[in-house]
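Engineer: Numbers in our numbering are just positions in the sequence shown, counted from 1, shifted up by 216.
FYI, nobody ran anything at the bench for these hints, they're computed from the structure.
It is possible that part of the hints are untrue.
Stated by the list, open to error - Restricting the straight-line Cα-Cα distance to at most 25 Å, the calculated cross-link-like pairs of lysine-lysine (BS3-like) are: (1) Lys280 with Lys259; (2) Lys259 with Lys302; (3) Lys280 with Lys302.
To be verified - Label-pair ranges, simulated between beta-carbon atoms: (4) Gln217 with Pro303: 27 to 37 Å; (5) Ser334 with Gln219: 31 to 41 Å; (6) Phe316 with Ala230: 36 to 46 Å; (7) Gln326 with Leu263: 15 to 25 Å; (8) Ser334 with Gln217: 34 to 44 Å; (9) Gly322 with Gly224: 30 to 40 Å; (10) Ala230 with Gly270: 29 to 39 Å; (11) Glu304 with Ile246: 33 to 43 Å.
Note that CB positions come from ideal geometry on N, CA and C, so glycine has one too.
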Amino acid sequence: QVQMVESGGGLVQAGGSLRLSCAASARIFIFDTMGWYRQAPGKQRDLVATITSGGSTNYADSVKGRFTISRDDAKNTVYLQMNSLKPEDTAVYYCNAIRFGLPLPGAWGQGTQVTVSS
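Required output: the full structure, derived from the provided sequences and hints.
Structural biologist: Here it is, written out as structure tokens:
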């Protein structure tokens, strides 16, 4: 069972940048699509960005133009570069593999907290 370990979160001022990393316990090349999610307090977990094995990316409208997802299959790692951060980006960020449009159950990590101060 693959497990994800997210890191790189922290406290940053509005307008700042952070780079999140997600290390998988298994080879991610077997997963066509990897994604980053986020969950703010009291809200549901939302999909933020996805990347396919071919490098095609997709972003939620709220982060388009500010966030960049990438993957390094040789390192079994997925990244999320976050620029021009806003207070509304504050959330716990998670990554997961996506199969048939859904995240893998049981593969969730502990997430990494991102807090953006105004």
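Engineer: So, for every hint listed, does it hold in this structure?
Structural biologist: Outcome of the hint check:
1. Lys280 with Lys259: At roughly 20 Å apart (the allowed maximum being 25 Å), Lys259 and Lys280 satisfy the hint.
2. Lys259 with Lys302: OK: Lys259 and Lys302 at ~17 Å, within 25 Å.
3. Lys280 with Lys302: Status holds; Cα separation ~13 Å.
4. Gln217 with Pro303: 27 to 37 Å: 36 Å, holds
5. Ser334 with Gln219: 31 to 41 Å: 34 Å, holds
6. Phe316 with Ala230: 36 to 46 Å: At 37 Å between Cβs, range holds.
7. Gln326 with Leu263: 15 to 25 Å: Between Gln326 and Leu263, where Cβ atoms are some 18 Å apart, the hint holds.
8. Ser334 with Gln217: 34 to 44 Å: Once the Cβ atoms are compared, 40 Å apart, the range 34 to 44 Å for Gln217 and Ser334 holds.
9. Gly322 with Gly224: 30 to 40 Å: 23 Å, violated
10. Ala230 with Gly270: 29 to 39 Å: 34 Å, holds
11. Glu304 with Ile246: 33 to 43 Å: 34 Å Cβ-Cβ, so the 33 to 43 Å window holds.
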